[in-house]
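Novice: Take these sequences, add in the hints, and give me the full structure.
Chains as they are written, first to last, in my numbering: chain Y, 1 to 310; chain R, 1 to 242; chain S, 1 to 617; chain X, 1 to 148.
Calculated directly from the structure, the hints in this document are not laboratory data.
Straight-line C-alpha distance at most 27 Å; calculated DSS-like pairs for lysine-lysine: (1) Y:Lys299 <-> R:Lys190; (2) Y:Lys299 <-> Y:Lys257; (3) S:Lys4 <-> S:Lys17; (4) S:Lys576 <-> S:Lys588; (5) X:Lys44 <-> R:Lys166; (6) Y:Lys257 <-> R:Lys190; (7) Y:Lys257 <-> Y:Lys211; (8) S:Lys576 <-> X:Lys147; (9) R:Lys166 <-> R:Lys190; (10) X:Lys146 <-> S:Lys576; (11) X:Lys43 <-> X:Lys10; (12) S:Lys317 <-> Y:Lys10; (13) Y:Lys175 <-> Y:Lys283; (14) R:Lys210 <-> Y:Lys264; (15) S:Lys6 <-> S:Lys17; (16) Y:Lys15 <-> Y:Lys211; (17) S:Lys317 <-> X:Lys4; (18) S:Lys102 <-> S:Lys145; (19) Y:Lys301 <-> R:Lys190; (20) S:Lys6 <-> S:Lys20; (21) S:Lys509 <-> R:Lys89; (22) X:Lys16 <-> S:Lys282; (23) S:Lys317 <-> X:Lys40; (24) Y:Lys209 <-> Y:Lys90; (25) R:Lys89 <-> Y:Lys211; (26) R:Lys227 <-> X:Lys14; (27) S:Lys317 <-> X:Lys65; (28) S:Lys50 <-> S:Lys26; (29) R:Lys210 <-> Y:Lys283.
Stretch-level coverage of chain Y by chain R, calculated; a stretch enters the list once three of its residues show a Cβ under 8 Å from a Cβ in chain R: (30) 13 to 25; (31) 236 to 247; (32) 260 to 269.
Pairwise CB distance ranges (calculated): (33) R:Ala110 <-> S:Thr584: 55 to 65 Å; (34) Y:Asn14 <-> R:Thr61: 24 to 34 Å; (35) X:Lys4 <-> S:Pro44: 31 to 41 Å; (36) X:Asn39 <-> Y:Glu269: 47 to 57 Å.
Heads up, the beta-carbon is just placed ideally off N, CA and C, and yes, glycines get one too.
What follows is the residue order along each chain.
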Amino acid sequence: METLSVYVPKLVTNKEYIASGHRACSGCGEVLALRYVCKALGRNTIISNATGCMEIISSPLPETAWEVSWIHTLFENAAAVASGIESGLKALKRKHGYIKDVKVVAMGGDGATADIGLQALSGALERGHDFIYVCFDNEAYMNTGIQRSSETPFGASTTTAPSGKVSMGQHTWKKNMAAIAAAHNIPYVATSCSSYPFDIMYKIEKARKVKGPSYIHILSVCPTGWRCPSSDTIKMGRLAVETGVFPLYEIENGEYKMNFDYPKLRPVEDYLTAQGRFRHLTKEQIAEIQQKVIVEYEKIKMLSSRKKGK
Amino acid sequence: MSETVTLTIDGKKYTAERGRTVLQVATDNGIRIPTLCHNEAIEPYGACRLCVVEVTRGSRTRIVTSCLYPVEEGLIVQTASDRVIRNRKMLLDLLLARCSENEVIKNLAAEYGVTQPSFRQEYWEKNDCIVCGLCVRACEQVVGVSAISLVNRGISKEPAPPFLEKATDCIGCGSCYYVCPTHAIKMEDKNGVRRIHNWKVEFKLKKCSKCGIYWAPEAQLEYIRRKADLPVGFFDICPNCR
Amino acid sequence: MPSKLKSPKALEALQKKLGKVADAGKVSISVCNGTACRPYGSNPVVEAFKTEIEKRGVADKIDFRITGCHGFCERGPVALIQPGNIFYQKIQVDDIPEIVEKTLLNRIVIERLLFKNDSVGNIQAQVDIPFYKKQQRIILGNNVKIDPTSIEDYIAIGGYSALSKSLFELKPEQIIDMVKASGLRGRGGGGFPTGAKWESCRNAHGDIKYVIVNADEGDPGAYANEGLLSGNPHSVLEGLIIGAYAIGAHQGYIYVRNEYPLALKNITIAMQQAEKLGLLGKDILGSGFDFNVRINRGGGAFVCGESTALMASLEGKPGEPRAKYIHTVEKGLWERPSDLNNVETWANIPLIINNGPEWFSAIGSSGNTGTKIFSLTGKVNNTGLVEVPLGIKLRDIIFDIGGGIRDGKKFKAVQTGGPSGGCLPESMLDLPVNFDELTKAGSMMGSGGMIVMDEDNCMVDVARYFLTFLEEESCGKCVPCREGIKRMRQILNDICDGKGQESDIDLLKELGAHLQDSALCALGSSAPNPVLTTINYFHDEYMAHIRDKKCPAGVCKALIHFYIKDNCPGCGLCVKACPTNAITFVEKRKPVILDQSKCIKCRTCYDICKMGAVGIE
Amino acid sequence: MKDKVSEIVKKYNKDKSQLVSILQDIQAEYNYLPREALNKLSKKLDIPQSQIYSMATFFRAFSLKPRGKHIINVCLGTACHVRGGELIAESLERQLNVKRGGTTADGKFTLESVNCMGCCATGPVVKIDEEYFGHMTNDKVEPMLKKY
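Specialist: Listed below in structure tokens is the structure:
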């Protein structure tokens, strides 16, 4: 899909559901991803949005950038609120014959998803609500000042895990949320990235059709927190995928499918050295990361090659 | 500010800009009208007829296609009246008989309770294409190439390359593939080659001289290069490596 | 060829001069060489006249004229001789020396060539022939008076005076008011008031406007426009120029069906002549009004009779119709205001200008004024082009003008309006023929086809015939038309093949209602008419096919078989004619034997047998 | 071939909207629409090949295959149909051993059907080249063909 350049993008809908004029930083990859998510969702959508960047930038009282039904929830309960809305719609359908085809979507950043809201999310996935959970992962608590989260990658420097003489920054590996979601045995899980608009739309459209819960994890480039030029947003996302740092894949009913497979991955160095948050890494540390990336990448490739019933 | 009109859709009043179509105004306001042959970037065509609605103007009520019908002051629109549903059902019945194994059509038909065609089974067909013309129109209006066209007429009408052979003007951009509502156009990128089977064409994909990734068909890049008068070799490197 | 006319006076002078020549009191003969007379051999007849006249050196004594259609095609080739209004029919090459010698030079009538009627005997004068008696030939009447390739002929009978009057005595608005007052409705099928159409086009925004003649008479079985365009092209052209002036158009188009070579030829000649005389082109008759016309040939697509498809074709695109939510009078050809009218509509205009709207509206009935040309064909005795005042009864056309059904058979149905129309049964014969009544009965006026059917025609087969036609002619753009017609045709095929089920009737009706609602253009929305009317009026015949597996008319091959009756004299004619050798000769005076397993039901034996010894069951 | 197409295009002033007429003239010249001629036309008029092909296949009057020496048009209009036009068409198919739209093996005849030629009163009608044959019956088919 991503090789469909120049002409095909003209065929994508012009309709925006997140209005311009919001307060995102320049070069924000997350709001870009959000735009595509919304395009693919369409108007008949109810969004339950956890506290986080996208909530802060879009709804400074008394204004809003949203052109779909939207509710702001706390950090911890986006999935719980979505569960409630979905149950409410079901009741409306049952009692009043309400037939509108509305999709409930919960969304949050990596902190709201992998840290604070994980319990509510797990519950919602487990209960099997008909909803989509979208995680916009910019790899730290960016709007409060770049504090580390469990999605912050190994070696990244944040304000709460700064690099220096004593520490190399984040010293744990990034939490694999897609695998956690998939472990709930839900019908559809996928990863995507803000630099791949067609991939985002394709996966969201697919998720919209799924009956039951689906989970989409979108790596969203944050020039502010990653300390890279805001003009490099797209490039950075592409590098994340092309180096294998963040592979794009789907897990449909437990079956893995790698969407972008490269015969030869770029060296992770290309990705790491382009960002300020990794500036301090030594050659050895980069080599360690490189090794881990290859192991993880191969794992997914291996899973992808394994077909059901075999 | 352009002129506005007030119209009623499904019992609710809406204000809309003059010149917009009923479909646009309904969609903007969250009223879902099914379509197959419609894309915002392409002129409306009115072939699939799925977007039919019932309009009343004065004492006259009739069925029209909402993708083409311009909004008017005082117009009353019903998007899901019995008559509309009856017509949509029959359309899906006809489409299902034509495309009895196509998933998109099957799902859409099922949404309207049509699970199998009303016609004798010996006449069911297994097409994927519904001749909505989106591929042809995208190629003409969006890409500006017109490598394919609708050939023949009546029941044998189909989108096809000239002389039913290789589409020599095709640049392999894939717009037709992307825009096709029923996935009737088969395209694949494999080993540095893009094939669009319907038009009997294949294209070498350009390999970025820096990162080695295949990033776009060479023919398309050459077409753009010439059109924009760019230097030779301009596209040797992919946008990521630039 | 006279020189360019630069004022209305010059036209008048020319008219006077030509009129005198025409009144010179010479014997004149008009021989029809219209398209319908050609299969009868009118070409050799015309040639023989020319040679005969030349051979005798009597060219200065005889005003010999080759004309377009006289209407009574059944009896072709025909000719009209003046003075005396002598109508000769079924003229053969051998008759010509006699006609020249006796009738033209010595005014002796040849009885053998006159029309014969059982009750009255030979009828000499054209006007007394029953076929012509009830007609009111205000448009077609001039066909016999003029050579269509001669503008002088047209001018001599007062041609182009309506144009002159329009340009110099009337304002465009006055012309439109006259057309409105006349009550003229579009003769192409829909019956939309012409004056109102012109007015909307005149009032539409835009400096550039177009006028178009729709001469793509695609209805199979209708050739009224052909007869008019090939027989009197100038009348159409004159109407068009007047319309252009009234609407404010400077460019016109004539879209002619390519299957009409004669019409195409004659209108092309007419245009060239009009241009030479200054009646077309720049500064017409010195009025300052400019108007040009382009002729476009159709490519053989029925759907191009639909106005938007026709316009697409004029733009050089495939003839696909588009939705008419924005009317063509506002956005038509090249998105500009365009007025499109049918050949016959345009030909009415000069008459209205010359004689006044009151004269016109006195013809016919209120709301349906004027006359209408029908091509009366099928199983009727007198086929041909008939022009009758609107409101006349179907019965009058079929039985008085048409002379009833051939071979003493029984009338079964009349099909009007082509594939968009319907089949009306005997009980509807007293229906007044006008736009509204025909539509109410489930049929329509169309471009004037009127096909009469007798007991040997199967109505299910007729419905299937129309759908097969439409299936081929659908442009294929919209789903209801492309897919719906195909399915309806398949169901009808099954019924004709004896595989029908009773539920098929409901499915046909349902599909029919759907097409009427949802199809993009009139081709699709009117396509069910032949099916729905036959189901409505001939339900029993459908049931015979479905329940009893019988085709009462003996048409549907799967449901019939041929047999040899006992009265077969064993002449052997059929044995020779049979293409599959299914019939074997036994001996003289003994019936032949027909092998059912070899019979392909081609009907050859049935047609060839003089004894009526072949039966159909 | 080049010059013929150029000539025709020139006659119509390179007017794209006259495409139907131009194609008709090309067909009149070659008896069908040869592919090279259409390719040439595409360049001359600057219309994509696909659009010319679309026109050539939309209209029934055009043939993309070479046609026989004589063109037989059997009328299947309504007036001819009710008088047995279909049987005449079948009889022609049998005797020529071709289907409608086909050309005989010896290249002598091409059998085409037409939906009305404007002489309905004399149906069923068959037209061979420019000659019309009215009131056709099955037994008249063979003698008619023998004339050619």
